[in-house]
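Protein chains in written order, with the numbering used here: chain L, 1 to 250; chain P, 1001 to 1541.
Some clues are possibly wrong.
As the list claims (entries may be wrong) - As a list, the in silico DSS-like pairs of lysine-lysine whose alpha-carbon atoms are at most 30 Å apart: (1) L:91 - P:1348; (2) L:177 - P:1141; (3) L:179 - P:1058.
Source of the hints: derived by calculation from the structure; they are not laboratory data.
Residues per chain are reported as follows:
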Amino acid sequence: MKALIIDDEQSNIENIKTLIKLYCPRVNLVDSATSVESATELIALHQPDLLFLDIRLGEQSGFDLLRILPNKDFEVIFITAFDKYGIEAIKFAALDYLLKPVDIPELVLAVNKAEDKVIAKQKNQQLNFLLNHIKNGETTPTKIALPQLHEIRYVLVNDIIRCEADNSYTLFYLANKDKIMVSRSIKEYSEILKPIGFLRTHQSHLVNVIFVKSWIKEDGGSLLLNNGDKIPVSKPNKTAVQLALNRDLH
Amino acid sequence: MKTLFNIIAFCLLSSLCLAQKPHQILDKDGVPVHYSVNSLNSKVSLFLEADKFATSIKPFNLIPNDPLGTIVYLENAQKILVTTRVRKDSLKYYRYSIVENDTNMVVNNALLTKVNFVWNNRSSWPGYLTMDLGISDVANKKLTVKIYRLPDASQVTTLIIYNKPIEPAKILDASVFSERKSKNGKSTSIALKNGSAINVDEKTKGVFISMKKTDLDFVYHLNLIHTNVEGDNITFNMLSNQWKYDSSDGRPYFVIDVNYFNKPGEYKIVVVPQLGSTAELSRMDENSPNITFKVLSAPRVYLTKDLIRVGLWLVLMVGSVATIIIFVIRKRSQNRLKVAHKKTETAKAELDHIRSQLNPHFVFNSLSGIQNLMNQNETEKANAYLSKFARLTRSILNEEDLISIQDEHTLLDDYLAMECLRFKFNYEIKINEAINFLNTEIPTMLLQPFVENAVKHSMSILQDKGSLLIEFKSDHKNLILSVQDNGKGFDVAKNAPGLGLSLCRKRIDLLNQVYNECPILLTIDSGTSGTSVIIILKNWL
Chain L
1 MKALIIDDEQ
11 SNIENIKTLI
21 KLYCPRVNLV
31 DSATSVESAT
41 ELIALHQPDL
51 LFLDIRLGEQ
61 SGFDLLRILP
71 NKDFEVIFIT
81 AFDKYGIEAI
91 KFAALDYLLK
101 PVDIPELVLA
111 VNKAEDKVIA
121 KQKNQQLNFL
131 LNHIKNGETT
141 PTKIALPQLH
151 EIRYVLVNDI
161 IRCEADNSYT
171 LFYLANKDKI
181 MVSRSIKEYS
191 EILKPIGFLR
201 THQSHLVNVI
211 FVKSWIKEDG
221 GSLLLNNGDK
231 IPVSKPNKTA
241 VQLALNRDLH
Chain P
1001 MKTLFNIIAF
1011 CLLSSLCLAQ
1021 KPHQILDKDG
1031 VPVHYSVNSL
1041 NSKVSLFLEA
1051 DKFATSIKPF
1061 NLIPNDPLGT
1071 IVYLENAQKI
1081 LVTTRVRKDS
1091 LKYYRYSIVE
1101 NDTNMVVNNA
1111 LLTKVNFVWN
1121 NRSSWPGYLT
1131 MDLGISDVAN
1141 KKLTVKIYRL
1151 PDASQVTTLI
1161 IYNKPIEPAK
1171 ILDASVFSER
1181 KSKNGKSTSI
1191 ALKNGSAINV
1201 DEKTKGVFIS
1211 MKKTDLDFVY
1221 HLNLIHTNVE
1231 GDNITFNMLS
1241 NQWKYDSSDG
1251 RPYFVIDVNY
1261 FNKPGEYKIV
1271 VVPQLGSTAE
1281 LSRMDENSPN
1291 ITFKVLSAPR
1301 VYLTKDLIRV
1311 GLWLVLMVGS
1321 VATIIIFVIR
1331 KRSQNRLKVA
1341 HKKTETAKAE
1351 LDHIRSQLNP
1361 HFVFNSLSGI
1371 QNLMNQNETE
1381 KANAYLSKFA
1391 RLTRSILNEE
1401 DLISIQDEHT
1411 LLDDYLAMEC
1421 LRFKFNYEIK
1431 INEAINFLNT
1441 EIPTMLLQPF
1451 VENAVKHSMS
1461 ILQDKGSLLI
1471 EFKSDHKNLI
1481 LSVQDNGKGF
1491 DVAKNAPGLG
1501 LSLCRKRIDL
1511 LNQVYNECPI
1521 LLTIDSGTSG
1531 TSVIIILKNW
1541 L
């Protein structure tokens, strides 16, 4: 598997090189670049299968690089030190990322996953989806990628009525009555959906505030949704839910 | 060599899969449409893909009285692929059957034999196989799939795939029946035809309606539309799709209770197929099969116009007084809520402040541990501990005030592993199995200061004789966190400086203002044989 490292700091490139040589021997590092321009040339030259791509590249970003490239026939593992906005966009696209300093087991896992995708020759639609997100203004994303067994479903965030945890799985209830099961925990979706108007009402429930019809007082409190579902609000979450509802409904 | 074989097998299999579904439907993002179609209560997974000829797919419709059953409505599909994902080693326990159009048994209690996809060890389902149920041609068919896993032969998961046009219902007959004591004591019934006019009185029991049997009776719903005498008020009732069956000829029938006919005016009983959601009501129109008749009188709700007028006035007066009272009460409680919220927000701000005060302890202790590893040339270890340190720092920088028990466990473990580098003590973190540790959230780093104290004042002295036990337990609705060490203890009554106890107490006070319905209680018990800190989060679970 041919790979390129793109990072604006030479020391980071050296570090990734060392770790990959030691722990991911099947990855063949063909070259590295420190800017968007040189990366564009090298990608055209080498046609890599995998990019290790830093989100911040000097004045530009890894997303800028992806935007220029006409064909994206490669997998990307994003690398970042601390970039809340970038990580959020990546999570919405259900793509992989690593945090600096790189954790070795996480690196190996991400490389293995990328290798699976390269072998399966899956078309990388997630990258286009990611770029669309970022292009559509830096406000709230309109769609979210939900990884399924053989494919990725792209769902409008405003079509998600609620999510329910089933151990390490999350079940999405959509406005068209579809249900989608995703093998990720509700915690991950709580993190990215809470900032755009979802309420964590309970350890197992995440609710889109636009579908909340009313607050029901019985048995300690629950939310009635437009589709008739009644969602429990647990005691620890009660104050936060009430605060959020007061903000949104009044 | 094994890897190479895996890759070849994988390529072969994936090309086989591709060959089997040449006409997949793609949604507007160009992604194949792949549906999970088993009932949520079922332990057997079922997936369905249809070809591009399918003009409509409606998955996830319930089958009445079968919690493990679902039905998928398809329109115009030619070929489909139905798969199930099973563990490789339990493959031999699965049995399945397929019945075509309710009569033709295509597969009878067979084993799953056709592999569609092999999940390798690095995939999300290591050790699993996706098995093809061998269904292909569905043009104009109803297929019923039954699958179960031995030894639970009674837990049968049912999937009905209905790919036929749904015909309009055929109403066979309708009648009003009453219980009259006269004559032979039997109930009497009068046939209802379009345009009939009937009287409803105390003896009237209800309206009986039957339709022609279909291969999917429960898709037909009964609806009742009432228009009042003046013609200016129309009410709509969705009744049921739970038909009963006539014991002699098996035709589906339903009895609508007389209470639905307690107002005079025109009644229209409409029988229409309704797929899935109520949004599908568009299938009802002027020409939908119906019986329309008039109810002339309805004594049960008989009231004079005067009575109505008086009643209306009364209702209006009581209503307006009630409205004023409710308004005042609401205004008051709103104010109270506002004050409470303000208090909560101040408490939250102070909490953030305290959290950031906990930082330095943490950061510098950890850094010196890593420095030590670097100086001893233990690169691999330094890497691992650096990752731990990064996780800890990130969690402190994170503004979230709640964290899942699992993540809190990871952080405590990271922290203790790091401290173990310096003082070689023993520690254990236990989580009671009854706790949903993945999804239950608690205030971040509640135990951290106490764990730090135990390390600083006991483990550092006891070294390899030191032992530290952290437990997460549940007791009914309460969550109990505890830290126990075997150190020499300290005087709890004295506000010992350097322990940060006052800070911890203040934090818990503030948390109690935010989570006022689930108070957090702190108990510290310290003696010469050790210290135990217990934090109870009441009503937390």
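Going down the list of hints, with the structure as the test:
1. Annotation: proposed proximity of residue 91 of chain L to residue 1348 of chain P holds, straight-line Cα distance about 28 Å (limit 30 Å).
2. For the suggested pair residue 177 of chain L and residue 1141 of chain P, the alpha carbons sit about 24 Å apart, so the restraint of at most 30 Å is met.
3. Restraint check for residue 179 of chain L and residue 1058 of chain P: satisfied, since their Cα atoms lie roughly 11 Å apart, inside the 30 Å limit.
This entry satisfies every hint, going by the numbered hints stated previously.
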